[in-house]
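Take the two lone chains and join them into the complex the hints point to.
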Amino acid sequence: MKTPVLLSIMMLTFMSDFTLNNVKERSGYQIGDVVADFELKNIDGNMVSLSDYKDVKGFIITFTCNTCPFSIAYEDRIMALNEKYASKGYPVIAINPNNPKVQPGDSYKSMQQRALEKGFTFPYLVDEGQQVYPKFGATKTPHMFVLQNTKQGPVVKYIGAIDDNYKDANAVNTKYVENAVNALLSGHPVKLQETKAIGCTIKV
Amino acid sequence: MKYILWVLLLLFSVSCKEKKYSNNSENQPILPSEVLPNKIETVELEVYDFNRFKKYLNRTDDTVYVINFWATWCAPCVKELPFFEKVHTEYADKNVKVLLVSLDFPHLYDSKLKPFIIKNNIKSKVVALDDVDMNAWIPQISKDWSGSIPATLIYKNDNSKFFEQSFNYKALEHEIIKFLK
Numbered sequence: 001m002k003t004p005v006l007l008s009i010m011m012l013t014f015m016s017d018f019t020l021n022n023v024k025e026r027s028g029y030q031i032g033d034v035v036a037d038f039e040l041k042n043i044d045g046n047m048v049s050l051s052d053y054k055d056v057k058g059f060i061i062t063f064t065c066n067t068c069p070f071s072i073a074y075e076d077r078i079m080a081l082n083e084k085y086a087s088k089g090y091p092v093i094a095i096n097p098n099n100p101k102v103q104p105g106d107s108y109k110s111m112q113q114r115a116l117e118k119g120f121t122f123p124y125l126v127d128e129g130q131q132v133y134p135k136f137g138a139t140k141t142p143h144m145f146v147l148q149n150t151k152q153g154p155v156v157k158y159i160g161a162i163d164d165n166y167k168d169a170n171a172v173n174t175k176y177v178e179n180a181v182n183a184l185l186s187g188h189p190v191k192l193q194e195t196k197a198i199g200c201t202i203k204v
Numbered sequence: 205m206k207y208i209l210w211v212l213l214l215l216f217s218v219s220c221k222e223k224k225y226s227n228n229s230e231n232q233p234i235l236p237s238e239v240l241p242n243k244i245e246t247v248e249l250e251v252y253d254f255n256r257f258k259k260y261l262n263r264t265d266d267t268v269y270v271i272n273f274w275a276t277w278c279a280p281c282v283k284e285l286p287f288f289e290k291v292h293t294e295y296a297d298k299n300v301k302v303l304l305v306s307l308d309f310p311h312l313y314d315s316k317l318k319p320f321i322i323k324n325n326i327k328s329k330v331v332a333l334d335d336v337d338m339n340a341w342i343p344q345i346s347k348d349w350s351g352s353i354p355a356t357l358i359y360k361n362d363n364s365k366f367f368e369q370s371f372n373y374k375a376l377e378h379e380i381i382k383f384l385k
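Taken in order, these protein sequences are the chains called A and B.
The working numbering puts the first sequence at residues 1 to 204.
The working numbering puts the second sequence at residues 205 to 385.
The reader is advised that the hints may include incorrect statements.
[What the hints assert, rightly or not] Quick list of simulated restraints, FRET-style, between CB atoms:
#: 1; chain 1: A; residue 1: GLN130; chain 2: B; residue 2: ASN325; range: 27 to 37 Å
#: 2; chain 1: B; residue 1: GLU245; chain 2: A; residue 2: SER186; range: 45 to 55 Å
#: 3; chain 1: B; residue 1: ALA296; chain 2: A; residue 2: GLY32; range: 48 to 58 Å
#: 4; chain 1: B; residue 1: ALA296; chain 2: A; residue 2: ASP44; range: 48 to 58 Å
#: 5; chain 1: B; residue 1: GLU377; chain 2: A; residue 2: THR150; range: 45 to 55 Å
#: 6; chain 1: A; residue 1: ASN179; chain 2: B; residue 2: LYS365; range: 29 to 39 Å
#: 7; chain 1: A; residue 1: GLU117; chain 2: B; residue 2: PRO310; range: 19 to 29 Å
[To be verified] Chain B residues, not near chain A, derived (Cβ > 12 Å throughout):
#: 8; residue: ASN242
#: 9; residue: TYR252
#: 10; residue: LYS259
#: 11; residue: LEU261
#: 12; residue: ALA296
#: 13; residue: ASP297
#: 14; residue: LYS301
#: 15; residue: LYS327
#: 16; residue: SER328
#: 17; residue: TRP349
#: 18; residue: GLU368
#: 19; residue: GLN369
#: 20; residue: LYS374
#: 21; residue: LEU384
Since the hints were derived computationally from the structure, they do not count as laboratory data.
Note that the Cβ used here is the ideal one computed from N, Cα and C, for glycine as well.
This is chain B alone, in the form it adopts within the complex (with noise of 0.2 Å):
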């Protein structure tokens, strides 16, 4: 009861809201103060290093997966979050998923990341990945990424494919679209 409480009031309170996120790049840090610490505690954040997180990079259920990979200190990252946002909307009837990984640095989860989706009423699902052998995942993920964020990954099934790029909203629906085919 308590949970749908807040749930409400976050909705309410971000709803009037413009739809441009709040640059919380590395010059504009949230502070912890802005957000209540016990909507913190509503924030249930998956935490995986890369073994366990594999499981979202091999599914066969014909469903599109559009794999996000960035962090709130990332601030191209965050201005390109919106976009995903409204693909998770638009495309929620069209078997399209879209997973929010972030990789913050796990000292910063509750001072940044988890401020962060509540401030910015992330709505599709964010997974933290954490494993510091990024030699060792970062091309299990795609061997054409260096490893600059954003990243996205797009699959359906057997077919995918990767981007070591930003998207505005219009080429991200396109490469989304493709899949849909």
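So here's chain A without its partners, still in its complex pose (with noise of 0.2 Å):
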């Protein structure tokens, strides 16, 4: 007797599931969600953690690759927000997510070689076996987290895009991750927590 309801149920469920599939949530860190520390590979050979960064009152993390041209096109703003907010607190770190063996640009010595082109001054870490990026929710490359400490360890505040022009810096309305860091800074909430922009897929 209670079979039928079981299955009925269990058909209810299935055919719900089905129809929302499409409908899915960015899964990872959400605004106001507490980082877990990581311990990723620096193109030095170092390993870096968060917990390695004493005094900081945050963190720019950005998810992003040699080989994205949206990647590319962000990376002397990338090296700017570090020359600009690493002395106020808000350093970057840089994670490549993508799997060096799909993505044979994004391999250790690209990576090294990338970094030593680019004079970068800030982590550029490898996500080794893509274990870190799935807990964040990056779906791609450039993808933008901005964490402030807390007692209860860094809490996300900002999610997405650098700012509203890839194209052109100097044509840029609204900077999205400054505003973000700026607003922490003066310790004031900040206005816009998540943006979207157009990305390359992280690479596994």
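Next comes the structure, spelled out in structure tokens:
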């Protein structure tokens, strides 16, 4: 007697799953979530963790890579962010989430070369085994996460794009990341917490 | 007349190729010299900002529109293009229309996008979307779109479904058939 009821419930669950499977929330950290620390290899061979940073107020994390045209378009602006905000307590940490077996241009050696050519002043970490980017819910490169240190740990305060003009840094109207960090520095809430931008799929 | 000749020549030159598209990804750019410059002029590329592009998103003429967002630099996009082309051919008489929306950088239209269209003999309609205010228009296509490509919107009148994923032919056809029922 119970079986048909159970079966129909299962059917219903299945059907609703089926119709809803298209509406997917971005998985991974949401605004307000506390970020678990990670330990990833930097291009200089050293391991880097968030907890290595003493006396910082937070982080500007970017999932980026060597090969995506949007990442390349934003390289100089990511460097400028570190120049401007590392001394104010918000250093940049770049993480390359791509699997070099799928995207050879993102090999460890290529990362070292690119960092040297550009003169990166921040860590450029390998997400070996592609373990960290899913925790953040990064879906593409470049994908930015601004974290603020709290007693509970680093909390996600902004997710999305760097600004609203990938083509021309001089024609930008809104600097999303800078606005977020400036708000945090002055003790105000971040007004625009999430933005969307086109980027390259993470290659796994 | 000159145009017809070029088209014929083009059809002839690509018809013998296997159906796998040249992977014009980040690592292997097409050299402009591979495609004659006067051929590039035969590609009439419509370029839209989002406001003008919107007309493609809300047609109500009982046609199934398959709108694929791609770019020549996006390897998984290039990989799935043949499946969209196949839909274009095989469903042309079933009221299904394919629109390939390129998100290539505008300064590369002539050196990358147009040569790609010619080289791969793309038959579906290709338009370019050039609008830097991505945070304004991405959610208007789908609130579920994080912004990675490939991404595909299928719609018929008021009914639509969005996919931030790659397709193989079978999966794509499966989704299109649902709209035809």
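Going through the hints against the structure:
1. Between GLN130 (chain A) and ASN325 (chain B), the C-beta spacing of about 36 Å keeps the proposed range 27 to 37 Å intact.
2. At roughly 54 Å, the beta-carbon separation of GLU245 (chain B) and SER186 (chain A) lies within the given 45 to 55 Å, and the hint holds.
3. For ALA296 (chain B) and GLY32 (chain A), the hinted distance range of 48 to 58 Å is satisfied, since their beta carbons lie about 49 Å from each other.
4. The supplied range of 48 to 58 Å is met by ALA296 (chain B) and ASP44 (chain A), whose beta-carbon atoms lie about 56 Å from each other.
5. Between GLU377 (chain B) and THR150 (chain A), the C-beta spacing of about 50 Å keeps the proposed range 45 to 55 Å intact.
6. Under the hint 29 to 39 Å, the C-beta atoms of ASN179 (chain A) and LYS365 (chain B), about 34 Å apart, fit the expected range.
7. For GLU117 (chain A) paired with PRO310 (chain B), a C-beta distance near 26 Å keeps the hint of 19 to 29 Å intact.
8. With 12 Å as the threshold on Cβ separation, the claim that ASN242 (chain B) sits away from chain A holds: the shortest Cβ distance comes to roughly 27 Å.
9. Non-interface status of TYR252 (chain B) relative to chain A is upheld: no Cβ of that chain comes within 12 Å, the nearest being about 15 Å off.
10. The Cβ of LYS259 (chain B) lies farther than 12 Å from every Cβ of chain A, with a closest approach of about 20 Å, so its non-interface assignment holds.
11. No Cβ of chain A comes within 12 Å of the Cβ of LEU261 (chain B); the nearest lies about 16 Å off, and the non-interface call holds.
12. A cut-off of 12 Å between C-beta atoms confirms that ALA296 (chain B) is not in contact with chain A; the least separation is 26 Å.
13. For ASP297 (chain B), the non-interface assignment is confirmed: its Cβ lies about 28 Å from the closest Cβ of chain A, beyond the 12 Å cut-off.
14. The non-interface label for LYS301 (chain B) is consistent with chain A: the shortest C-beta to C-beta separation is roughly 21 Å, beyond 12 Å.
15. Distance check on LYS327 (chain B): its Cβ is at least 25 Å (rounded) from any Cβ of chain A, clearing the 12 Å threshold; non-interface status holds.
16. Distance to chain A confirms SER328 (chain B) as a non-interface residue, since its nearest Cβ pair spans about 20 Å, more than 12 Å.
17. At the 12 Å boundary, the C-beta of TRP349 (chain B) falls inside the reach of chain A, the nearest C-beta of that chain being 7 Å off.
18. Non-interface status of GLU368 (chain B) relative to chain A is broken: a Cβ of that chain comes within 12 Å, the nearest being about 8 Å off.
19. The beta carbon of GLN369 (chain B) sits about 9 Å from the closest Cβ of chain A, which is not more than 12 Å, so the claim that it is off the interface is violated.
20. Listed as outside the interface, LYS374 (chain B) is consistent with that label: its C-beta sits roughly 17 Å from the nearest C-beta of chain A, beyond the 12 Å cut-off.
21. The beta carbon of LEU384 (chain B) sits about 18 Å from the closest Cβ of chain A, which is more than 12 Å, so the claim that it is off the interface holds.
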